[in-house]
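2 protein chains.
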Amino acid sequence: MADPYIKPYLMTAGPTPLPPAVAQVMAEPIMYHRSPAFIEVYARCLDRLKQVFQTDNDVLCFASSGSGAMESAVANLVRPGKPALVASCGKFGERWAELCDAFGAELVHHDAGWGHKVEPAELDRLLSENAGVEVAFTTLSETSTGVVNDVAALVEVARSHDVLLAVDAVSGLGAVPIPQDEWGVDVVVSGSQKALMCPPGLGFASVSERALAYADAGPGGRYYFDWARTAKGQRKDPPDSPFTPAVTLFRALDVALGLILEEEGLERVFDRHRLLGRAARAAVAGLDLDLFGPEDENANVVTAIALPEEIDGGKVPKQMRDVLGITIAGGQNQLKGKIARVAHCGYFGAFDILISVVGLEMALRELGADVELGAGVIAAQRVFAEAGEPALAPAAGA
Amino acid sequence: MADPYIKPYLMTAGPTPLPPAVAQVMAEPIMYHRSPAFIEVYARCLDRLKQVFQTDNDVLCFASSGSGAMESAVANLVRPGKPALVASCGKFGERWAELCDAFGAELVHHDAGWGHKVEPAELDRLLSENAGVEVAFTTLSETSTGVVNDVAALVEVARSHDVLLAVDAVSGLGAVPIPQDEWGVDVVVSGSQKALMCPPGLGFASVSERALAYADAGPGGRYYFDWARTAKGQRKDPPDSPFTPAVTLFRALDVALGLILEEEGLERVFDRHRLLGRAARAAVAGLDLDLFGPEDENANVVTAIALPEEIDGGKVPKQMRDVLGITIAGGQNQLKGKIARVAHCGYFGAFDILISVVGLEMALRELGADVELGAGVIAAQRVFAEAGEPALAPAAGA
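Sequence order for the protein chains is A and B.
Just so you know, we're using the numbering used here here: the first sequence kicks off at 1 and counts up by one.
Just so you know, we're using the numbering used here here: the second sequence kicks off at 1001 and counts up by one.
Bear in mind the hints are in silico, worked out from the structure with no lab data behind them.
Bear in mind that the values here come from a model prediction, so they are computed numbers and not experimental data.
Where is the CB? At the ideal position from N, CA and C, for every residue including glycine.
Worth double-checking, as some hints may not be accurate.
List of simulated lysine to aspartate or glutamate pairs, EDC-like, C-alpha gap at most 16 Å [unchecked claim]:
no. : chain 1 : residue 1 : chain 2 : residue 2
1   : B       : K1236     : B       : D1047
2   : A       : K82       : A       : D101
3   : B       : K1007     : A       : D111
4   : B       : K1050     : B       : D1216
5   : A       : K91       : A       : D111
6   : A       : K7        : B       : E1028
Pulled from the structure, derived: some chain A residues nowhere near chain B, Cβ distances all over 10 Å [what the hints assert, rightly or not]:
no. : residue
7   : D56
8   : H116
9   : G221
10  : E309
Produce the complete structure using the sequences and hints provided.
The following block contains the structure:
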């Protein structure tokens, strides 16, 4: 049993906290997926998703986690025995490689290293050396390290080689800009449970006509995640899903997208994430700690902090959760015990950052680190105050 | 906008109505999937699923619709270029055939016809004639027609040919018995949104060790739905999902499985569905209408009614929904306009059947059919009264 006198704070990069209005709508009576009432919700979601992806493409929806949306990209674009390039810099980039392997690609894997960015020049070099590559996969926001790649530049390189680029924007979409059509990104995949402020269970793939045509030319080996099947359903009037949609999660998505687009506005959402990221990085500097990865003003999804070597870093998330009630994430795989990750994607405001930082200070001190209580929080407060946003908050709805 | 003076009644075979306690829990603050609180819910669901599937197998869980769970069976069992047998009798059986095609099987398709059962003798004949078949696929409850197949007999035939049988129990599981281990069913797939009284978005595959081993011997071509990957995660201590689980739907599932197993009890749940099915069929007879498909005391998931030829059958669901507020399903594909389907799987009691029948009588009369008002409902009332269950109801929880 959880201690009833611990007030829980969720500060992870997915599942992220839900606005109350998003959570509440899921308690309403369930809708039949072919009822006029649900079709209205579904059609509005499809339209609003286009606005968030900043595209005219149909945003294909799957009842799946974000990894299911990633699988859709691989299952539709990879041809067994043919080369596919993956440019990764962390755990989720490596998932692209695992997927390409599973689907029989001859994998060309560029591993930029955890905590590094994928360099456009490296992609250019690799695509020159591997002229047979027609499809490539990379990551916008690498949740395992906080790194945000320069997708605009990577797309430009891919285009110059006439290569289709699919981008994992699961944690990035709605937190940092990825204007799909403006940048010419062929495929953007995402999920519901990060900056879109919904529960996990919906996967999205926004697919250009060029990528759809490429997929059509290589049929077979897919069904549930087949883009053409889902596109055909969604393009009907009224739109229809080929498989029973997760109606409850669409109700949540409808409310969340309304908050993002109608209440707060997408630009303000990006501005908010920018300020949250800046404050988080200022706190790290204030505590005289190091960021894991480069100082980057676009890295506004999750801030990864290199933990002091004098403490047992693996204990930090546990200390924060069990003693303070604050759930942050530690490092994954080779970064276990080495970093702490404080999220700020989705329904996060100034006080969420401040709570995370205050808690981190207390946990680090308790575990024997030489940090000054208050040094981080003061630095973060200053960022919010100087921006004229001392109580920066997302739209919460009614 | 929906007419505010129409009180909505959901009488479809998925999504099915939710018990209030199931709906309410989804409005609670979201849980981090690696938190002790969620792991407790997740582990309890995994354990309770085994009880509902009546198996010692791990019941593998996917964030997907039921069709995703079906895809998992095909992606794990079908070998490209090798034969696979599908024995179908309706729309969802045909989905097995489409899946096998998509995954490159040399398809042996036995179509028993919509409204017919798959005959064990036919399966026996086909497996004798196609000795290369190692895997076969069929359906427990064919939602498109209401037919419930004799899975115990079909499994016996498959076993005698040393063929693995995968059964779609999406609408059947928890409504009609399919004691997996007792019957020796290799693979049972299901979904959350039918008799399990949850929203759509969770797919399940209960896989025998024999089927897991068969899958392991043919790797590749799958990732998200790879059984070994999910089994490995679920067998960890504590159990873990390889991809972010749909935590909100697991909260709902936890409550629903508690109602089924702890409050009502699985045997009573089956008894209730038996009585609901009997009452629905009695109503059809009372109205002097015909069932679509065989009179079958096991067909207790959905009752398909052949609509009188003198009316425009396609108008029946619309009339019931728009005028009376009752959502039932019509026929799909070639049965469009020919049948009406009244569901009784999941959170259904006597009054749900009575409302459906009363509404159907009114709609049929209004559309010009020669039916006697009250004749159906009286016949159904009698069934409930004679069984000593005039107000038969599922457990609703607190």
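Each hint tested on the structure:
1. K1236/B with D1047/B: 14 Å, holds
2. K82/A with D101/A: This hinted pair holds, its Cα atoms lying about 11 Å apart.
3. K1007/B with D111/A: Violated, because 58 Å separates the two Cα atoms, which is more than 16 Å.
4. K1050/B with D1216/B: The hint is violated at about 22 Å.
5. K91/A with D111/A: Satisfied, since the Cα-Cα distance of roughly 11 Å is no more than 16 Å.
6. K7/A with E1028/B: 14 Å, holds
7. D56: 27 Å, holds
8. H116: The assertion about H116/A holds, with a minimum of 25 Å to chain B.
9. G221: Its Cβ does come within 10 Å of chain B, the nearest being 6 Å, so this is violated.
10. E309: 25 Å, holds
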